[in-house]
Amino acid sequence: MISAPMTEASRTSAQSLRSDSITAFDMSVTADHIRDRLIKELAAVHVEVEDTSPNRCAASFKVLVVSPQFENKPLLQRHRMVNTCLAEELKEIHAFEQKTLTPEQWKKQNSQ
Amino acid sequence: MNNLFRSAARCLRSGSAVCVPRQTDGRSQWASVRLLCSAVDLQKNLGEMVKKDKVVVFMKGTPAQPMCGFSNAVVQILRMHGVDNYAAYNVLEDQDLRQGVKDFSNWPTIPQVYFNGEFVGGCDILLQMHQNGDLVEELKKLGIRSAVLDAEKESK
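Order-wise, the sequence lines are chains A and B. With the UniProt record's numbering applied, the first sequence corresponds to residues 1 to 112, in that order. With the UniProt record's numbering applied, the second sequence corresponds to residues 1 to 156, in that order.
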């Protein structure tokens with residue numbers, strides 16, 4: 001991952017965005033909540049949710065979703081499936097990173 | 001008032017069902033018609049904006065000074081491929097644009113990248129396309145030779 005040099009301006013904007021999102025933050029958006037939803041609605045067989053908030057723009061999550069439903073679907077479509085699944089949550093989350101793999105891709109990645 | 005009428009008429013002509021006048025008090029009704037009209041106009045403008053340049057990026061900040069790590073990542077990836085000539089729109093300068101582009105692409109986050117008017121994705125997708133080689137191919141379709149190819153040649 002390319003690391004972003006934090007300029008004075010971006011620090012300030014990150015701070016102001018963070019305080020905004022805290023007031024609007026729905027307490028139900030937790031890593032567990034996101035994981036449950038992805039397992040239930042996308043039949044995910046493996047989910048990793050990482051809270052990446054502290055050093056990023058604001059309340060943020062990084063997810064890895066492994067689901068057979070991604071098979072034969074291009075990347076953009078897979079990401080749209082995750083976005084749709086988490087539409088409510090994404091309104092509260094400021095930043096969101098995702099990686100979407102089929103079980104086969106996941107197995108291959110682990111064996112490397 | 002005349003002006004309001006014209007903008008309302010324009011809005012109705014564009015076929016937007018949501019502009020049908022409702023039974024509310026006159027003033028707020030006109031205000032909402034005006035608001036909806038500008039939203040409809042913005043969507044139309046976005047359709048033109050993404051087609052005007054081969055590569056279009058909606059981001060936080062500018063390529064010279066990105067204001068978010070994800071927008072910065074997109075700028076750095078494009079730079080690595082020698083793509084310097086692209087249209088970048090700073091959504092932090094325009095709250096309507098910030099929401100409007102999300103509605104336009106039905107994509108919840110910024111940055112957003114478009115090639116030849118078509119939505120490509122956000123930072124994650126561009127990064128993965130960079131890693132798996134798809135980005136070189138997609139740029140080729142746009143008639144852009146990725147600088148990564150030249151770098152590879154030199155190292156051989």
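Bear in mind the hints are in silico, worked out from the structure with no lab data behind them. Treat the hints with care, as some may be off.
Calculated pairs, DSSO-like style, for lysine-lysine (alpha carbon to alpha carbon, straight line, at most 30 angstroms) [claimed, not checked]:
no., chain 1, residue 1, chain 2, residue 2
1, B, K44, B, K140
2, B, K54, A, K73
3, A, K91, B, K102
4, A, K108, A, K91
5, B, K54, A, K108
6, A, K73, B, K51
7, B, K51, A, K99
8, A, K99, B, K141
9, A, K108, A, K62
10, B, K102, A, K99
11, A, K73, B, K52
12, B, K102, B, K153
13, B, K44, A, K91
14, B, K54, B, K153
15, B, K140, A, K73
16, A, K107, B, K51
17, B, K153, B, K44
Here is what the structure says about each hint:
1. B/K44 <-> B/K140: With a Cα-Cα distance of about 28 angstroms, the restraint between B/K44 and B/K140 holds, given a limit of 30 angstroms.
2. B/K54 <-> A/K73: Holds - the C-alpha atoms of A/K73 and B/K54 are around 25 angstroms apart, at most 30 angstroms.
3. A/K91 <-> B/K102: With Cα atoms ~12 angstroms apart, A/K91 and B/K102 stay inside 30 angstroms; holds.
4. A/K108 <-> A/K91: Violated. A/K108 to A/K91 sits at ~34 angstroms, over the 30 angstroms cutoff.
5. B/K54 <-> A/K108: Not satisfied, since the Cα-Cα distance of roughly 35 angstroms exceeds 30 angstroms.
6. A/K73 <-> B/K51: 26 angstroms, holds
7. B/K51 <-> A/K99: Given that 30 angstroms is the threshold and the Cα spacing comes to 28 angstroms, the pair holds.
8. A/K99 <-> B/K141: Distance of about 25 angstroms is within 30 angstroms: holds.
9. A/K108 <-> A/K62: Distance of about 21 angstroms is within 30 angstroms: holds.
10. B/K102 <-> A/K99: Since the Cα atoms of B/K102 and A/K99 sit roughly 20 angstroms apart, the hinted pair holds (cutoff 30 angstroms).
11. A/K73 <-> B/K52: This hinted pair holds, its Cα atoms lying about 29 angstroms apart.
12. B/K102 <-> B/K153: 39 angstroms, violated
13. B/K44 <-> A/K91: 24 angstroms, holds
14. B/K54 <-> B/K153: 26 angstroms, holds
15. B/K140 <-> A/K73: Distance ~23 angstroms between B/K140 and A/K73 Cα, so the pair holds.
16. A/K107 <-> B/K51: Violated, because 40 angstroms separates the two Cα atoms, which is more than 30 angstroms.
17. B/K153 <-> B/K44: Not satisfied, since the Cα-Cα distance of roughly 43 angstroms exceeds 30 angstroms.
Hint compliance for this structure: hints 4, 5, 12, 16, 17 are not met, and every other hint is.
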